[in-house]
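2 protein chains.
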Amino acid sequence: MDVYILGLLLVFCLGAQARPSQPECGYDSCNPIKEDMLNVHLVPHTHDDVGWLKTVDQYYYGDRNDIQNAGVQYIIDSVVQELLKDPSKRFIYVEIAFFARWWREQDEAMRDQVRMLVNQGRLEFILGGWCMNDEASTHYNAIIDQHTLGLRFLSENFAECGRPRTAWQVDPFGHSREQASLFAQLGYDSLFFGRLDYQDKNKRLNESNMEFVWKGSPNSLGETANLFTGVLFNGYGPPGGFNWNQGSGDDPMMDDKRLHDYNVEKRVDEFLKAVQDQAKHYRSRDIMMTMGSDFEYQNAHTWYKNLDKLIHYVNARQQNGSGVNLLYSTPSCYTFQQNHLNQIWNGKDDDFFPYASSAHTFWTGYFTSRPALKGYVRQSNNYLQVCKQLDTIGNYRTGWMTSSGVEVLKEAMGVAQHHDAVSGTEKQHVANDYAERLSNGYKSCENVTNMALKRLLPRFQQEPPNLQFCTLTNISKCEITENYDKVVLEVYNPLGVDSDTWVRLPVNGTVFDVFSFTGDAIPYQVIPVTSETKKIPERKGTYAQNELIFQLTGISPLGLQTVWIQKGKGDNSSYTPFKAFPSADFTMQNKLVSLTFDHITKQVKEMENLQISLKIPLHQKLMHYFGFSGNNSKDEFRASGAYCFRPNSTEPKTMMVQSAYIVQGDLVQEVHQVFPWASQVFRLYKDANNVEVEWTVGPIDISDKSGKEVISRYDTSLQNGGVFYTDANGREIQERKRNYRKTWNLNQTEPVAGNYYPVNSRIFIRDPAPDAQFTVLTDRSQGGSSVNDGQIELMVHRRLLHDDSFGVGEPLNETGADGKGLVVRGKHYLVLDTIKNSARQHRLIGLWLYRQPVIMLTNVSMDREQWYTQFNTQVSGLNTLLPENVHILTLEMIPPNPLTPISLRQAIVRLEHFYENGEDEEMSKPAIVDLQMFGFFNITGAVEMTLGANMMLKDLNRLQWRVMPSGDEPAIPYERQTYRELKLDSKGKLPQITLNPMEIKTFIIDFNG
Amino acid sequence: MDVYILGLLLVFCLGAQARPSQPECGYDSCNPIKEDMLNVHLVPHTHDDVGWLKTVDQYYYGDRNDIQNAGVQYIIDSVVQELLKDPSKRFIYVEIAFFARWWREQDEAMRDQVRMLVNQGRLEFILGGWCMNDEASTHYNAIIDQHTLGLRFLSENFAECGRPRTAWQVDPFGHSREQASLFAQLGYDSLFFGRLDYQDKNKRLNESNMEFVWKGSPNSLGETANLFTGVLFNGYGPPGGFNWNQGSGDDPMMDDKRLHDYNVEKRVDEFLKAVQDQAKHYRSRDIMMTMGSDFEYQNAHTWYKNLDKLIHYVNARQQNGSGVNLLYSTPSCYTFQQNHLNQIWNGKDDDFFPYASSAHTFWTGYFTSRPALKGYVRQSNNYLQVCKQLDTIGNYRTGWMTSSGVEVLKEAMGVAQHHDAVSGTEKQHVANDYAERLSNGYKSCENVTNMALKRLLPRFQQEPPNLQFCTLTNISKCEITENYDKVVLEVYNPLGVDSDTWVRLPVNGTVFDVFSFTGDAIPYQVIPVTSETKKIPERKGTYAQNELIFQLTGISPLGLQTVWIQKGKGDNSSYTPFKAFPSADFTMQNKLVSLTFDHITKQVKEMENLQISLKIPLHQKLMHYFGFSGNNSKDEFRASGAYCFRPNSTEPKTMMVQSAYIVQGDLVQEVHQVFPWASQVFRLYKDANNVEVEWTVGPIDISDKSGKEVISRYDTSLQNGGVFYTDANGREIQERKRNYRKTWNLNQTEPVAGNYYPVNSRIFIRDPAPDAQFTVLTDRSQGGSSVNDGQIELMVHRRLLHDDSFGVGEPLNETGADGKGLVVRGKHYLVLDTIKNSARQHRLIGLWLYRQPVIMLTNVSMDREQWYTQFNTQVSGLNTLLPENVHILTLEMIPPNPLTPISLRQAIVRLEHFYENGEDEEMSKPAIVDLQMFGFFNITGAVEMTLGANMMLKDLNRLQWRVMPSGDEPAIPYERQTYRELKLDSKGKLPQITLNPMEIKTFIIDFNG
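Protein sequence lines correspond, in order, to chains A and B. If you're matching positions, the first sequence starts at 1 in my numbering and goes up one per residue. If you're matching positions, the second sequence starts at 1 in my numbering and goes up one per residue.
Just so you know, the hints here were simulated from the structure itself, not pulled from any lab data. These numbers were taken from a predicted model, which means no experiment stands behind them. Hints should not be assumed to be uniformly reliable.
Each pair may be met inside one copy or between any two copies, as identical chains are not told apart.
Mimicking DSS-like on lysine-lysine, the simulated pairs with C-alpha atoms at most 25 angstroms apart in a straight line are [as the list claims (entries may be wrong)]: (1) Lys85 <-> Lys989; (2) Lys85 <-> Lys305; (3) Lys705 <-> Lys535; (4) Lys686 <-> Lys273; (5) Lys989 <-> Lys486; (6) Lys443 <-> Lys257.
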């Protein structure tokens, strides 16, 4: 026997166990089509919600199957086994939050087998985010982060073959253009989704326009943000009667003629009919069928066994001239075939909001559902960025050791972006679990920030004590400040530019000494804690009677400032007790803005921008709709619920001010309005150009057995002609027109809910005649609209007594710590300016609102001199200033790869030009940035990556699609630069970077300390 | 590289794919226990009903999952995959009806893998019958056949390693001692079951008497029929909270501490508690836990993955001194450990009927449920035996070609024995499916019998035409006899002795010529079809106006007799029209028996055995109970249903005779009674020693919205002192005592239902004072009792309007072809004799009732002379007479094994001594039989097998158990002979065979033609 024969034996032997892992992935690994036939791409898949009716971990394990039969561990287990049996089989997996849990439970032998499946394109990752995120209430910073978390998991474990080529948003309830833009920048070749307005879908079906090129950023990024997009025919399910999940009631393929109920011919006929029914609505000779659904494939075998037979028997009909060819495929392989057509596709440059599934079922309630969670998620993003930055800046030598600390919050934020998480459409216990995860993330983050402080603060040997976050100062609760006489604050600024901030701390007493980082006294004001705040049940056990208020200015970019606070011995001249609302109209104003309140109604009546003397009537009211109480037996009886907003009248009911009082001080002026179960504070800080409106709503009264949806409505005199503007995921601005859709002739059936749009961070109306723009910025995502001219309304809270029958199975009836209706507090920021000036205002405030300075604090026993001697009281992470139109979107340590030298440190840096093209005369110009801006480490090289930081941009080779010109494409005067490997020149300098409007550039930098 | 290394490589290579199939099965393959610990035998299993809520094929495929989520194909698929992964895993499979379906769909590669699993004891067949048969309403002939079908499938495909060692009756609703006896004879080492009377169970739990040695035939077979028997602790389910079937609501093992809901310690604590809770009720340091349930393991992985973790974490507690050891095991391995104890077990010599699950829930309704199906199943057994015999006798040269023909009815009978088939506890559509299968079996059987006739009848070249069965002559329907003028009958006698039979054929006309096989005229009588019969909707389209009645005598054993019938031209003196019931009491009598009817009530009043002048008052009434109409919310509200019998009163309501008429003829005398929705015929044939009572019941009136359970009650003057006797599965007689159980102090809570027992073929009462025994034989299984002294009652039909909430989910409300309540017709046979003489009577009638001659017939165009010239008109299959106390239980062709020479034919022959020890002075003596009895072939050798014909008896080495002596064991004066290989001696003779009372000897004979 010679070596040749031995070799054959070995090959045979290996072949039977695991094929050699020669990567053959990508489009080359697709199963072949038959050119002259109608090819049906069967896509076995599972849709695994990262929390919904059960928590993400309950779903992973299959716990609480009494709620829902779903266990993801079994899905992946069993799919892998099926794929190993047969090289022709395909499966796509989407949600990395689950896959990563599974992966870390596997031994290396199993991992090798899975790598082999991935390398051969048999298991294909699609989307590959940590979750399939909501598109309405998610912020782009968090969207990018959650995709990065998933995509880098894949690239680290599977290299190029693990890179998803297709985005897959099959379940979210409405689709954002910004999401499409981000997907394009993430490098996807296509996007598929399942839900769109039923009128839109009908039109697209009739016109075979289910697939098109979506222009994600027609005004700023142009082609870079274009994305081939397909609407799935059956949502994401199989054609009717062809679900073969274990336990499905659909008939299996019964092909043993000796048994009763043989049904092969009947089933083949039925399937061929389903194929024809679908094919007539699509343009090509390839169609895709999604063979799976929610948490299916726990027993993958039942699906595959029947699919195998289906393929066999349907394809056998080719002998009879059926002309239909079935194959196992993936959305990528389908995309590749569509791309081969080389046809000219229609374009689309607006978005898919709002989503209506029928005439009275507008999924616009979830824009606001669970406002507390939505606020917490937004705040958590702020903390996560701080945590990642301090992990990098402060701990670059040991960063990888603490990255597990950051990881907790990263993953918590990853799952919180899910389309049943921040969306507010999960069960209550699941919402609690999301919040618990975020809270655990904060705790873990504290470890990270303290490690950073221990590196950044000491001047000598002494380490600072551990500092804590105080995350409940919004309800005047902070154990340290209210209980200790000496407190030190370290305030961190996560922006790339100097930042100012107003600090409000719960305290007892009225006289303090507040020292700046230079040791100078900082002016302060003390205001009593309101009785409205004291009633909030979550505040139980809190003793703070007052709030200490002062301003910090000039906090360095990525820098720290120390504040020293101690009980003082002077007079209490800084104490400003509440005063009765005066008998005349009351105006609060600073140098920039004034707001006038009616002395009878106690409501706002007028706002003025004092700099330009632009004065408009402005009336603000808290109002509420009554949620429709239907039994959902048919569309007319659809209840307002977690998903759907359906007021029982187009006229909201005004909530009357019961009482009002004011605060007048040097630093801040406030007007407080008290309603039966709500309150508001209008707040004008010294030197502020905007008015802060803090709303506190709840417990929403349901004693009348009626659910309510509370709005804050701003009525102005502006003639906006039905047009208003909202942001998409905190980034680009979308124009909205009342009772209008750009791509079809709208039959408006819900005059209020049908005009609601997600307001992620801002909404505004314009009137060219007085050249006025009235902008409201929000601290969290809300639903909003301009139902009548001059109006802006934002839904701030909702409490409903009926489920809207889309699965969650609970009415959205949140309760607080006392079991009564949940009290929620949040803020609006009002800006009045000219149209031309407004962009700069809302861009800066919008940026600051999600990147506020974060306070870490502790009580101390040492004295002030000692602290100021031992520790740095000011730290800056940058050694140059960034251009005003650019900010550091991401600074995130990469855990070291075992293969790279221990001395090499890497981080992800994302720079963003945060203005749109043409939005502002100055700011919308391209910006030039020096990557060598960081103060604590030296960059030795950089490479530009795709947005997800999972592949080098130079290697990205997206499929090209021809688009029908629309005729109104704006010219984009800038050319995008791609930076391959940036290396230090002889002078130790890196080339500078140019950013165009709305451009995000993602780098992986190499650095040392 | 040399051959040695190559060898190593090959071994490695093979090892990774499929281990070499070295049989290591049997007790040697058990996973090891730990001697010093409490060993918990975890038995992964699935309980797969061979039809219940869905048909057997729907269950196999997973069709109609809307009814029940169950697909056996997936169970076996997925279990095999799991077993292949890990040599320590075990699974038992039970129902071969399913396994055989699966097996024939597999390719050889898969079969090899499964053989490997079986050879290593990883997949173990338990029970191994075609189904898990009902024990109340099944006949022993069919029980043996269905086990033979399954067991021989296993031995043919898996040899010795496929032989089940344990019987597994986990679900049937009461357990028969005869079943235990048959199991012992089938070679099982143990039996486990789940259901027994709750009072019995409590006592056994309290006394740790859950395991014992059941004496299956204490009076006749002795130790041969002893069987170690265990009552399972949790029915056949896992301990509460530990069901890990896919979708179960029980908590999975959540062992990743990084995820929320980690629960390992909690789950281990809970399991250890369950172990202790069970262990205290058992005697040994081994306990068995059944980890599975109905149709579980469709996704075997969910079970095994969690069991793996359970075993791992529970056994890890051994380090803390838990003393508990979990292992994957099987009931056989558990049995083996119990046997090792070598302790003295309690004995048990009665049975487990009736089964009560609570005070008002006696599962005694199913003894009668679906009487039509029960009758059809009994009749089908008769046809199957005929079919198998003719297949062997007539077609031994080509038998294997037609065995697929026999197979259809074999398999149909196999599934019909299931505990939700003949039991009547299945859904209506499933009952229809069972009947359809049997009907298909008859059709297939016709092919077989015609092939036999084509061999047996021709004297020359001419082949006879195809002959048909007429299976509906009981409602006077037979297309051929009623439409044609010339009809030939071939009557086959499946007994080993000459047989006589009365033939009744539907005809038109009153004058016929009936010729015997010798050409002699046979006397006949013609009776009109009654209007009661004409009303039966299933008879629609039938024209027969009369019935032609005549007697055939001396039909040879396993032989044929020809009858020629043609329209006659003589007078109609044989026509006996109906006559009015006379005004005086009416007595019908022949030489042996007389029955007297009261002229007022028209009911029976007296019976006399004329030979011995034994006369007793006898009153027979049709009566009915009203079924209790409960909602099953608690035991008191249990409804009478398919399973449970619960009359709403102890007093049945008498149904009054509306009218009566009589038939008087030379051959048969009849009294007809007509009731509002029932009728009866009392029939006395010439020379008969018993009276036939044909009852026709239905449509049971439910116009009063009340379900009814109809009984036929025989009231005599016999003083039976609460004692009555019923047969067990048609074989041994069981003594019953009213309101009494032998092994515990009965608290009787249902005076009627709690005294019901299955009457498979006979029930009798005795009174020693006049030395009288009154015996009623039945043509199908029924529930019966003697509720008051002197009485015998048999429930003949039931129609109920409520489900009894044990899963079937339908009220037992059968309807006929017209959509009205189903009409059922059946027969009782009344025997009055001395106690001493009665055994011979009921044994002979009982045998004849399930082995009646079968008629095949056709219309013919040839004339009589031609037929009688061309064809044999008498054929006998035997060339010697069998002893009177022996009959041929089985004669069945074995399809040739590809490995044996083509000339070698084999058949299974079972000979049965059908008297019990001491039952009859003469007949209970041992019998000597010459195996060389067959007329159509020469036996060249024989070997005695176990009862299932799946192993040589000499190789059987059952585990031995020591039993506590009860003190009342009868002496058994006979010694059992085992016949190893029987070979022809020099004179071409085989040794003779001795059979003791109740002994069944099973041989595989080699023969040639």
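Homo-oligomer pair classification [Lys273, Lys686; C-alpha up to 25 angstroms]: neither (70 angstroms within a copy, 68 angstroms between copies)
Copy assignment of Lys705 with Lys535, given that the CA separation must stay at most 25 angstroms: Within one copy only: 23 angstroms inside a chain, 63 angstroms across chains, cut-off 25 angstroms.
Homomeric proximity label, Lys443 with Lys257: Cα distance no greater than 25 angstroms: Between copies only: 17 angstroms across chains, 64 angstroms inside a chain, cut-off 25 angstroms.
Copy assignment of Lys989 with Lys486, given that the CA separation must stay at most 25 angstroms: Intra 46 angstroms, inter 116 angstroms, cutoff 25 angstroms: neither.
Homo-oligomer pair classification [Lys305, Lys85; C-alpha up to 25 angstroms]: both (11 angstroms within a copy, 20 angstroms between copies)
Lys85 and Lys989: within-copy, between-copy, both or neither at 25 angstroms Cα: Neither. Shortest intra-copy (54 angstroms) and inter-copy (58 angstroms) distances fail the 25 angstroms Cα cut-off.
In terms of the numbered hints stated before, the structure departs from hints 1, 4 and 5, listed from lowest to highest.
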